[in-house]
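Student: Taking the hints as your guide, dock the two standalone chains into a single complex.
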Amino acid sequence: MILDNAKILIGDDSIFARKQIKDMICSFGNFTFIEAADGQEVIDLFLSEKPDLVLLDIVMPVKDGIAAVEEIIDADPGAYIIMVSSMGTQTQLRRAIEAGARDFIQKPINTEQLKTIISKRFEGR
Amino acid sequence: MYTQFFGNFLLNKDVISPEELIKAMEKQAAIHLKFGTLAIHEGLLTASEVDHIVITQTHKNKRFGEVAIEEGYLTKEQVDFVLEKQKPSYLLLGQILIEDGKLSNSDFENLISDYQSQYEIFDLESNEEQKNLVVGLITGFGKSEPEPVSQSVIDYLTLFFNNLVRFIGNDFMPLDLVRYEEEYPTNYCISQRISGNIAIQSALDMDTDTAINFASRYANEDFSSFDEYARASLEDFLNLHNGLYSVNMSNERSVELSLTPPEVHSEDILEFETQTYLLSIMFPFGILHFILDFQ
Numbered sequence: 871m872i873l874d875n876a877k878i879l880i881g882d883d884s885i886f887a888r889k890q891i892k893d894m895i896c897s898f899g900n901f902t903f904i905e906a907a908d909g910q911e912v913i914d915l916f917l918s919e920k921p922d923l924v925l926l927d928i929v930m931p932v933k934d935g936i937a938a939v940e941e942i943i944d945a946d947p948g949a950y951i952i953m954v955s956s957m958g959t960q961t962q963l964r965r966a967i968e969a970g971a972r973d974f975i976q977k978p979i980n981t982e983q984l985k986t987i988i989s990k991r992f993e994g995r
Numbered sequence: 129m130y131t132q133f134f135g136n137f138l139l140n141k142d143v144i145s146p147e148e149l150i151k152a153m154e155k156q157a158a159i160h161l162k163f164g165t166l167a168i169h170e171g172l173l174t175a176s177e178v179d180h181i182v183i184t185q186t187h188k189n190k191r192f193g194e195v196a197i198e199e200g201y202l203t204k205e206q207v208d209f210v211l212e213k214q215k216p217s218y219l220l221l222g223q224i225l226i227e228d229g230k231l232s233n234s235d236f237e238n239l240i241s242d243y244q245s246q247y248e249i250f251d252l253e254s255n256e257e258q259k260n261l262v263v264g265l266i267t268g269f270g271k272s273e274p275e276p277v278s279q280s281v282i283d284y285l286t287l288f289f290n291n292l293v294r295f296i297g298n299d300f301m302p303l304d305l306v307r308y309e310e311e312y313p314t315n316y317c318i319s320q321r322i323s324g325n326i327a328i329q330s331a332l333d334m335d336t337d338t339a340i341n342f343a344s345r346y347a348n349e350d351f352s353s354f355d356e357y358a359r360a361s362l363e364d365f366l367n368l369h370n371g372l373y374s375v376n377m378s379n380e381r382s383v384e385l386s387l388t389p390p391e392v393h394s395e396d397i398l399e400f401e402t403q404t405y406l407l408s409i410m411f412p413f414g415i416l417h418f419i420l421d422f423q
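So the protein sequences, as listed, match chains A and B. Read left to right, the first sequence gives residues 871 to 995 (the numbering used here). Read left to right, the second sequence gives residues 129 to 423 (the numbering used here).
Be aware that one or more of the hints could be misleading.
[What the hints assert, rightly or not] Quick list of in silico lysine-lysine cross-link-like pairs, PhoX-like style, CA-CA up to 20 Å: (1) B:LYS141 <-> B:LYS162; (2) A:LYS990 <-> B:LYS141; (3) A:LYS920 <-> A:LYS877; (4) A:LYS985 <-> B:LYS141; (5) B:LYS141 <-> B:LYS188; (6) B:LYS162 <-> B:LYS215.
Think of the hints as simulated: they come from the structure by calculation, not from any bench.
If we strip away everything but chain B, and leave its shape as in the complex, we get (with noise of 0.2 Å):
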């Protein structure tokens, strides 16, 4: 998983036009990923290695795994290992860069690299323990479901424990993981729905105390209070921790998705119509529970 869209990293760096990007957006669903940009991802190929099985393709009718083989570069167990990779999206874009000669493939080998150094999320990996913890909680709680919980739920929880890593703070203990049917009665509680083929309604809950500190941590400030910055701060992290698992639905995916604003629900009621789970997670400050309903 990413922090940022391919597509939106090249336009950053100024690699390419915002009219280059849309040209190469129009392309991607016409054409297919070929194994030399997937070997390259994977950093299994240099450049210079794909620029020759190229070359050496073209004066033999075979294809690239085998000629790969044949020169020496890969072996049959890591071509296997590369079909059968799952392909993420955004490298069609790198491709179409190379295949319309705006990128060369050492360009884009060193722009893969940027992008996997700066923007790649393994925040949860720098606590070898709590990882296990985490991965445990959520494989754990599949196995024991009547029917295999979706990669996308896996997905959603991971990217939910690496942003709590990266913005609250690793000093936390995940207590639980269950499925929740009933209406759930909240204390100060956002929610925020996302729609599109996934859909998702997500709520944060947590006493108040616990809030204001929570909010600390995140914006960086001390408050003393439960005032707007206080709450804003609570939105914020929802709305950024959705918007980042659209984001990476997007780029691996092509899963396109979009959100609402978040909302408040102070000592309410929340019904979820579907496939509901509860998440409760402590910090030395409080409990804060992560409601999460998969339609």
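This is chain A alone, in the form it adopts within the complex (with noise of 0.2 Å):
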């Protein structure tokens, strides 16, 4: 997977949950990660530094994460955003979709799998 150069805003109120993801992906490539602990942060951290992918979770203080999903796209209906929760009910998978998520990663990760649902983002790059 080509991801060099690729920039990442992990949004997740759990340092330990940033710390996983983040150890997950350094095993697919070499990358530049941003990361956010509120819904609030990861809006005025995507508007600042434009992030290539945006791996999000729902349960969030201040704003959660599917609030912070609709902010983004009404300012960048083009932004590719990945919610990853431990929430997938019916609910919260249907609200993420519907408020622009491209896929929904449930928790716990399976690092395969969150290979190859990031790997989409990045085909033909």
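Tutor: What follows is the structure, encoded as structure tokens:
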């Protein structure tokens, strides 16, 4: 997978979850990571950093992940956002898709599944 | 129980597009599960047998189950078993996709088989002795209660033990499950609320040394101090457990729940409102207490 120089924004209130995701993705290639611990910080960093990909939790303080997807897609309809959450219920999955998320990874994260889903973003790059 | 919602499984496998998933979800409330869908799910009929019965049914004005018996595919007892079986909500999605021509019965049969083999939870099944201890603890507790313990509490606790086996290890001994009515003084405690049709306050409490060991096992790292990563991994475990419970309630019973972010209570007093249960579990590295308040 050619991911060199890609910029990935990880939004999760858990420092453990952010580290786990970074460690997994680092085994796929070289990238730059940006991290946010709540929904508002995700939106602010998206607007200032323009990442290639956003990986986003749902249950977060200040503003939840789906509210963040709505605001990001409003500002940039082409934004590529994948939810990564333990809350993959029918309601949350539907809210996420309707808000504009491209895919939904249920935690605990399976490394191969993460790789497959991220690869779709960078196909042909 | 499963570790993923069936619709999410179909989406991840590119079986359907996000738009098709939403369309199918919208139709769910208006339809009922068909006998053939349930029988494939239970492994009692193959897709080709269902197809054959459906064709035969069009020539006779009879119910699916009656034709299945007449054709020798099922016994009367098997038909009754399917009719009485609890009907998991996620099968509706599969049935809608079959009716819309997106899947054949045969595709559905293969997908259900993949889904069950990849995502069904039975970690506790690997150790018969321990499974008996856990089941004995939960059912024994139910019998001693003045009112029957609800299926939701039993499902919640069963999933909790499965998650312990899966993420921490199977070298534990369940010590006690009791009703708890007083204020609970915490050591290091993480709590999280589930809200919706079922409201649950859950809390995981242990001393710091036990917490370091618990976190080390969960994160697969060797934490020497109770630093922010160790603390965050405890929160992640509780959040993961409650998330998986919510996913299963959604997947199997169409009960939609939501979660609040985990909170920390260090040497604090927890106050519960109703029906509080205290579960104590011993690992070689220490004892953990799990407090559950079903409202």
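Student: Hint by hint, note whether the structure agrees.
Tutor: Hint check:
For the proposed pair LYS141 of chain B and LYS162 of chain B, the alpha carbon gap of about 24 Å is over 20 Å, so the pair is violated. Restraint check for LYS990 of chain A and LYS141 of chain B: the C-alpha separation of about 12 Å stays at or below 20 Å, so the hint holds. Proposed proximity of LYS920 of chain A and LYS877 of chain A is supported: the alpha carbons are some 8 Å apart, at most 20 Å. In summary, the hint linking LYS985 of chain A to LYS141 of chain B is supported, as the alpha carbons are separated by about 13 Å, within the 20 Å threshold.
The hinted pair formed by LYS141 of chain B and LYS188 of chain B fails the criterion: a straight-line CA distance of about 38 Å is larger than 20 Å. Distance restraint check for LYS162 of chain B and LYS215 of chain B: the Cα-Cα separation of roughly 10 Å lies within the 20 Å cut-off, and the hinted pair is therefore satisfied.
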